[in-house]
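One line per chain: the protein sequences are A and B, in this order. Taking my numbering, the leading residue of the first sequence gets 1, the next gets one more, and so forth. Taking my numbering, the leading residue of the second sequence gets 1, the next gets one more, and so forth.
Treat the hints as calculated values from the structure; they're not laboratory data. All residues carry an ideal CB built from backbone N, CA and C; glycine is no exception. Don't take every hint at face value.
Covered stretches of chain A (in silico footprint by chain B; criterion: 3 or more residues with CB under 8 Å from a CB of chain B, positions within the stretch not fixed) [said to hold, decoys possible]:
id, region
1, 6-20
2, 33-47
3, 201-208
4, 304-311
5, 324-334
6, 376-382
7, 423-429
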Amino acid sequence: MAHVIASAEHLVNSSDTRRGGFNDWAVLRAAHAHRSRFARRALDIVGNRRVTSCLHVGRVLAGAVVVMSRRPRLRGAADGFLALASAALLPRHALGSDGSDHAALQASFAAALGRLLPAPRGRELALEALALQACIAYGTAGWVKLFHARWRDGTAFRSVLSTAAYGHPAVASWAAKFPRTAKAVALAVLTGECLFPLTLVLGRTASVPLTAGAACFHALTAGVMGLNRFATAFGSFLPAVHFAASSRRGRDPLRMVFLASCAVVLSVGAVSGAHRTAQVRHGHALEMGALKRSATPELARRPLVVLLHGLASTPEHFGWLMEGISARAECWAPYRAGYGPSDGHSGPTRESAAGLGEIIDEAATLRGPVLLVGHSLGGWLARLIAETRPHAVAGVVYLDSSHSGQSTPDRTASEDFLTERLFAMRFLTRLGLGWLLERPEWLEGLPVGVQESVMRQMRDARLWSTAHREWRAVRREFRATRDAQLAPCPVPALVVSAESTTRGDARQGELHLELARAHAMSEATMSCCIRGATHDSLLTDQVTASRVSSLILDFLRTIR
Amino acid sequence: MTRVLIWVVRSAVGLVLVATAFSQNPIRSFDRPRKYDPLGVIIPNWRFFAPVPATADYHVLHRMVTDEGPTEWQETFPLSHRRARQATWAPERRRDKSLFDVTAEIMSDVEGRSDVSRQVGYRLLEAAVRRAVGSRAHDSSIQFAVVEARGGEPSAAPRPVLISPVLKGTAP
């Protein structure tokens, strides 16, 4: 039924696939440019409006056959067609599709297996597969929500109900009137979703209440949230769950294969995670020893530039900058405490700055006052070092720097988001799932020689544990001091802002100007905004980084 | 033969289920197994409304820009009103969902990227706005905006999150 309703809705909305529609294939196909040539050609065929319509008409007819026919083979063939046609149409209608379309596809695929494979094993395999898929679906919907505070405290439920897209005015006003009851309902749904996989462990004892609860839940969401197809699509999962829970508890071969494979994957992930940590810990650490050894009279004449990386970042992020600067100056990018092979724990910025300051003092003794370059949080640390050790610092370059005044009440939501994200990254990498992390697009922008090292650190729990701890300390500190005036700093500064940062939040631009004003007693202080740059592309984009390198070298010439 | 066939199918289904289980993490960048899903349909996504819930509506507004100045902003795609029959039959909800998806896609890039105009979602939205207002404006230019509204927080005023440049001509 879910297929019939879905295709009928698409046929009614056929103008959506024309030019100017949200599913105009001429534009939408660009979203699949990363797929293989074969996949793109296949999608282009389905993207043809006539083919799309034919597939929808076919789905309506096949759905009717499944409902009305009594011949298992014919119904199996119709199920197979429904699964294939749905798989072809999902990317075609990428915008506007939802979980019910995926659920209907899974149900039809399992039904085709059950009806076309030899009985009774084929039927058992199909029902078990569908039951496992249902447990993954409900379990995921539950446990992933636990990572968001608003789901845990029940307020997300009320907020969703108050939207026009998924809410209902009457139910939203009820939830606002009885917040405790609404919270209890939200937590009951969350608990039911998290506990759903227990149906396959505890058998009928758990499957009867949980499947009945799920059926009621889908009926309610159809009426309240307008998720009409969810009731039929996920409703088709529930008999399979009840069957799998009732028969041969825990001894089904597919269940065994699934659980054993999951255990193997987790074990391999944990071993490779430990190996990765060992590699990161024993990587090439930039120490004072290296600087001392290179302190020849010739090198000692060259200015020393110390680059401080930001939160959840690495010294390798400065790859392009170091390449640009190293022709005229010696660069040194240490791993901050807790990052890479560096020992210690990062915490409040004043403590981190004090630790770094001692090293800067030592470096200044060897080479004379150094130029500090800090990106993001590294910029704020550079300021604190310059404030307390002006004798050791020749100048400060702020690259889209953090500022204690940025932690305003209107940024609470985005700060909460970052806290939760860092926690989730730490949780997943600690679980040994770092290998699941995809290579981010920006990584390809860095010099080839450092990409693997950065990726290794990004997949290591150490980076995220440090970043999570550091961020919580920094957030507390920034909140406590957000209204404090910046103390004047006697060393010259270059303040570089990324256009997207100042355009996205005008306050951030003002804070950068305030940083420059704190260095106003030095005539060499200047500030600039790099057009077209983002917070990260200042370092990761070769062209932008080369512009930043030129600015730093000009600044270096001015202050020397 | 039948046993072999069943085991082959069982192994394949088991592999898909394991890939599915390991592709449902709270952070989408941990979805590496999905890279091996040729059409993006074998491994379903079961993270409904999670971890970040949909707590805001995004409205698309447009205005005409003529020699006499811009007109008032008006809603381009009003969301459908909830009706009882939508519990079983709701074709208009597909369009609402498309609008939600396209604005969510644009929003995901608006803060991190300096130029969203090349993004697929933005291009689709621009073409949709052009088509929607095409018959109402012949020679004037148009401008559209995406506004975020939080119904559950009466104190929160609607916030424009994207304002397009003035678009010449309105032919779709």
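Cross-check of the supplied hints:
1. 6-20: holds (count 8)
2. 33-47: Coverage by chain B holds for the region 33-47 of chain A (6 residues, Cβ < 8 Å).
3. 201-208: violated (count 0)
4. 304-311: n = 0 at 8 Å, threshold three: violated.
5. 324-334: Coverage by chain B is violated for the region 324-334 of chain A (0 residues, Cβ < 8 Å).
6. 376-382: Violated - the region 376-382 of chain A has 0 residues with a Cβ nearer than 8 Å to chain B, which falls short of three.
7. 423-429: holds (count 3)
In this structure, the hints that do not hold are numbers 3, 4, 5 and 6, in rising order.
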